[in-house]
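Engineer: The chain contents come next:
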Amino acid sequence: ILNVEQSPQSLHVQEGDSTNFTCSFPSSNFYALHWYRWETAKSPEALFVMTLNGDEKKKGRISATLNTKEGYSYLYIKGSQPEDSATYLCAFLPGNQFYFGTGTSLTVIP
Amino acid sequence: DGGITQSPKYLFRKEGQNVTLSCEQNLNHDAMYWYRQDPGQGLRLIYYSQIVNDFQKGDIAEGYSVSREKKESFPLTVTSAQKNPTAFYLCASSLVGGQAFFGQGTRLTVV
Numbered sequence: 293i294l295n296v297e298q299s300p301q302s303l304h305v306q307e308g309d310s311t312n313f314t315c316s317f318p319s320s321n322f323y324a325l326h327w328y329r330w331e332t333a334k335s336p337e338a339l340f341v342m343t344l345n346g347d348e349k350k351k352g353r354i355s356a357t358l359n360t361k362e363g364y365s366y367l368y369i370k371g372s373q374p375e376d377s378a379t380y381l382c383a384f385l386p387g388n389q390f391y392f393g394t395g396t397s398l399t400v401i402p
Numbered sequence: 371d372g373g374i375t376q377s378p379k380y381l382f383r384k385e386g387q388n389v390t391l392s393c394e395q396n397l398n399h400d401a402m403y404w405y406r407q408d409p410g411q412g413l414r415l416i417y418y419s420q421i422v423n424d425f426q427k428g429d430i431a432e433g434y435s436v437s438r439e440k441k442e443s444f445p446l447t448v449t450s451a452q453k454n455p456t457a458f459y460l461c462a463s464s465l466v467g468g469q470a471f472f473g474q475g476t477r478l479t480v481v
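Chains A and B, in that order, give the protein sequences.
Position in the first sequence counted from 1, then plus 292, gives you my numbering.
Position in the second sequence counted from 1, then plus 370, gives you my numbering.
Calculated from the structure, these hints are not laboratory results.
Remember, it's a predicted structure, so these values are computed and weren't measured experimentally.
Some clues are possibly wrong.
Claimed, not checked - One-sided excerpt, in silico: chain B residues whose CB lies under 8 Å from chain A: (1) TYR380; (2) GLN411; (3) LEU415; (4) TYR418; (5) SER419; (6) GLY467; (7) GLN469; (8) GLY473.
Stated by the list, open to error - Pairs of lysine to aspartate or glutamate residues, derived as EDC-like cross-links and limited to a Cα-Cα distance of at most 20 Å, are as follows: (9) A/LYS334 with B/GLU385; (10) B/LYS440 with B/ASP429; (11) A/LYS334 with B/ASP424; (12) B/LYS379 with A/GLU337.
Ideal Cβ placement from N, Cα and C applies to all residues, glycine included.
Bound-form chain B, shown alone (with noise of 0.2 Å):
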């Protein structure tokens, strides 16, 4: 079956330290997306690509980094220079312009 997966669900992260987030989709899509969720605020845009090799920052994207190796992969990374990181993180692929496919999130607290 097609869909986006993303790990782990949970994540403790001490200060200081880089955790990276991982996201896998197989519905063969060129975009990817990750955004952030807040208590009683909306997704908020991290970072997005559209292409292999090729990646945009979001409105949010400091002390966070991405990479796009493969069309399928599309990891995040916090890093320490993120001040607050404890957050619901959602991961979604669309074709260009299409509707989006979320993964299940993962909830990143730190310890």
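Next up, chain A with everything else stripped away, as it sits in the complex (with noise of 0.2 Å):
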């Protein structure tokens, strides 16, 4: 069982502020990462799939990066707002399956 790890588990901010995740996972056999976005009663949405060491994705606030030699990528959010409140999943592609993390839930405060 490969270990991916999400921190922090949980997060409140105010609005407007700007956060950040983590996700730790094996530096070897690496294929891909991939980023989710997990609102209440929806289903889980891809928000980025990063395969290049280096890589730097961005999507309006929210941006990503990725470091395969460490092991590590972040999730960015600039100026959080209220619709951003949702559960942020990464997912360790060493090959075909995906390992997912346990999830950073964040709460944006008004």
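Take the two lone chains, each set in its own frame, and fit them into one complex as the hints suggest.
Structural biologist: Below is the structure:
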């Protein structure tokens, strides 16, 4: 069983604050790293698919970086809004299987 | 619209019964997956399939069975051998190595 860790487990921030989360994964046998957003009562949806060391992806106020050599990825949210409240999951793919972290639950307080 | 559909949304099972959870996708994805989520835990892989008529056990396959007779369908049976089946079950599909698309989940409760 591969160990994929996310921190923090939960986070409460004020509207307008910027925040970031961490995903740690094994540094060997890397194929891809995915980030998903999972809103309450909805299905998880992909945010980013990252495959190259040093990759940086951006979608609006959300961005992610990847370091495959040391086995971590950061997700950043700039100027958090209440609609950003969700659980953010990362998934490590050494091949065709997904190994998910336990997620970071973000609550943005208006 | 393409997507992945799970049914039912809620399911109640009596002790000793087998129940089957449905997962259907029309995304033409080769790979399909079943995950289980328990409170405070992440998604744990039960079974996955990368091609029709072939599937592999995940980390927690004991007490579960699957079939993949059609590309679109990957039903999960929770058997009476699964001692603690109450959980949230999530089905997903993907192109091999691509992003996962998820169903809306089935919440199974043993009564």
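Engineer: Has the given pair, A/LYS334 with B/GLU385, been kept, meaning a C-alpha gap of at most 20 Å?
Structural biologist: Distance of about 29 Å is beyond 20 Å: violated.
Engineer: Hinted pair, alpha-carbon criterion (20 Å max): A/LYS334, B/ASP424. Please report holds or violated.
Structural biologist: 29 Å, violated
Engineer: With a cut-off of 8 Å on the beta carbons, see whether B/GLN469 makes it to chain A.
Structural biologist: 4 Å, holds
Engineer: Does the CB of B/SER419 sit less than 8 Å away from some CB of chain A?
Structural biologist: Not OK, violated: B/SER419 not within 8 Å of chain A, min 10 Å.
Engineer: Report holds or violated for the interface hint on B/GLN411, using the least CB-CB distance to chain A and a cut-off of 8 Å.
Structural biologist: 6 Å, holds
Engineer: Using the nearest Cβ pair, does B/TYR418 come within less than 8 Å of chain A?
Structural biologist: This interface hint holds because 6 Å falls under the 8 Å limit.
Engineer: Checking hints one by one. Is B/TYR380 an interface residue toward chain A, by the C-beta closer than 8 Å rule?
Structural biologist: 13 Å, violated
Engineer: Taking the least C-beta to C-beta distance, is B/LEU415 closer than 8 Å to chain A?
Structural biologist: 7 Å, holds
Engineer: Please verify whether B/LYS379 and A/GLU337 have alpha carbons no more than 20 Å apart.
Structural biologist: 18 Å, holds
Engineer: Decide if the proposed pair is consistent with the structure: B/LYS440 and B/ASP429, CA atoms, cutoff 20 Å inclusive.
Structural biologist: Violated: B/LYS440 and B/ASP429 sit about 24 Å apart, past 20 Å.
Engineer: Is the shortest C-beta separation between B/GLY473 and chain A less than 8 Å?
Structural biologist: For B/GLY473, the interface hint holds, since the closest Cβ of chain A sits about 6 Å away, which is under 8 Å.
Engineer: So, B/GLY467 near chain A? Judge it on the closest CB pair being under 8 Å.
Structural biologist: 6 Å, holds
The structure does not agree with the numbered hints 1, 5, 9, 10, 11 stated previously, though it agrees with the rest.
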